[in-house]
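A.B. asks: Protein chains in written order, with the working numbering: chain A, 1 to 484; chain B, 1001 to 1203.
Among the clues, some could well be false.
[Unchecked claim] If the Cβ cut is set under 10 Å, some of the chain B residues that face chain A in the computed set are:
| no. | residue |
| --- | --- |
| 1 | 1142 |
| 2 | 1147 |
| 3 | 1156 |
For the record, the hints were derived by calculation from the structure and aren't laboratory data. Values in this document were obtained by computation on a predicted structure and should not be read as measured data. Backbone N, C-alpha and C define an ideal beta-carbon position, used for all residues, glycine too.
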Amino acid sequence: MNNMYTFDTSTLWAALPEIFLLSAIVVVLLLDLFLTKPFKQVTYYLTQLSLLITAILAFNLIGEPKTIIFSGSFVLDNMASIFKVFMAGSTMVALVYTRHYLTEHKLFRGEYFVLVLLSMLGMMVMVSGYSLLTLYLGLEILSLSLYTLIAIARERAGAIEAALKYFVLGAIASGLLLYGMSMIYGISGSINITDIATFADNSTLASREMLILNFGLVFLVIGIAFKLGAVPFHMWVPDVYQGAPTSVTMFLSTVPKIAAVAMLVRILVDGMGAMHDYWSDLFMVMALLSIALGSVVALMQTNIKRMLAYSTISHIGFILLGFVTGVVEGYGAAVFYVLVYILMSMAAFGMIILLNKQGFEADKISDFKGLSKHSPWFALMMLAIMLSMAGVPPFIGFYAKLFILQQVISAGFITIAVIAVVFAVISSYYYLQVVKSMYFEDSDNEITITAPMDMKLILSINAVLILVVGLFPDFWMKLSISIF
Amino acid sequence: MSSEQIIFYILSFWFIASSLAMIFARNAAKAVLFLVLGFFSAASIWILLEAEFLAITLILVYVGAVMVLFLFVIKMLNIDKSTMRAKFAEYLPLGLIVALIIIAEMILVLGSAQFGLEVMPSPARHGADYSNITVLAMQLYTTYVYPFELAAVILLIAIIAAITLVHKKETTHKKQNVSEQVNVRAKDRVRLVSIVSPTKEEK
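Could you build all of it, start to finish, from the sequences and the hints given here?
C.D. replies: Quick look at the structure:
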């Protein structure tokens, strides 16, 4: 009876990044209360410092053997550690852009940074979650912080609308996910991913057990697709991207995608890997629909945030294609695509924020008119970002698409690869539209760039990385495969 | 059929009936009351499962606190029903089709062939000295300590979110500065003016 209840403190080191981050959150939250107006920047620097230390702690854990602690609900492996480092790093970059946006729009509040840290904690819990319960709790921590972040601009009607839409649809998605989890638990008798994997891998499963597993699986796939924003569960994406303050859009369109993919890997690849034949069909349909709809509907957008939302949907389609293949190289290509997508999307939203000034949202494509004359450097950066998103070599976006398509073709789905390429070509039209308005049109109103030096520097590095990483993509691809 | 099964079916019937009544109730306050009835039935089913602590928590927390708060909010808000129902007929056909398909599928999958007593026997009964709360507490603070802490983080977010979204920095009322009031001295407030009273001769 006694050994039924175990709590081993000697293994807590595996969760050190999470433990540190939670402590840092509490410190930042409390300290922010006592800071008077001229010292508010301290909150920002402390947030960056906490993220940096979290990243270092997570980096030190890379290479540790797979460790499962907290009675099977937490896993430390290379995937978790590498994802944590990437998430902390990209959140830090996002915060550099965010600070400029918040000061220009008078939204600078300590709570903003605390909520970003909390969503970071939720994402870390998700990538390390090894039971259905912890995965769900991590997802809720992430979602609740994001809802609040969107609504933080509470005097904007659009932001409140976006927050409510996201909240209601997110709650429905969580409900579906939980329902699926309850079915899986009901039939397998466990919420631990390891136990579920052994159960699903059993070849002597009765047909009734298969039926329930499948039933639960469908709900899990729907819940995950909702969070990723894959068609036909994409309805919230454009409205939320457009309505939310740009700094929040940038954050929620980038870093949480790593966590969502990690959740997908944990539940579907680690847990239900034996049922790949069942879920890959669902994924194939969703992937093709996402690529098609994302590429076609984006053609008609005039709002660049909305356009990027549809472009996200089509990128998600490519990521899902990587999981259709069912081989480790395919999963690796999908992870590589996510990381590349984050690099590009972060830079694209950074450019939008760069053009923001005192209460003015530069979120129309026409706001980019004549940028090449005013600031040739940043116009060049935007050119690189857009070409990379469209998948033009030698930029990194090309290799991301190439690796996915290679795996799709070697898995034998040639028709699907052809369809994906056709839509990728169609989608390049709207990316080039931005380039056209930057280089060949005159600006209607004055462009002024008020961004501080650190933001300009980080944004330039971010955009240059798109080219530099594209010159030697093999290293990153090998890294992405190595985590499986 | 054992007496336990009969009780289970009665409670389940009330659970489903009150849930349906809650959805179809035209009056929001009535809907809340039906939800309360639903919670009671669910709690009773938990008692049948020997999960006393959960049952009591459901009633104390959800019925006692959350639903009462709901009632207050509903009574205070002036909900315009006509705008809520405006799009109802428009979406009804599609919604109905989707709902029917899902219900049909669920009936096919979740029938007694999958979850009946023959394939999933009811758990063994515990003796009178068995304490549900002790076992739950032991589990929560050992096996499930990590999810338990995460749930605490969610509560922290709820607090931060509520205050962030509702709190207004600009105060619209004037308040007293107590320390200033206490430290005030007579010479700050009262000015003594010496007035020479007129004499008889001047009159």
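A.B. asks: List, from low to high, the hint numbers that the structure doesn't satisfy.
C.D. replies: none
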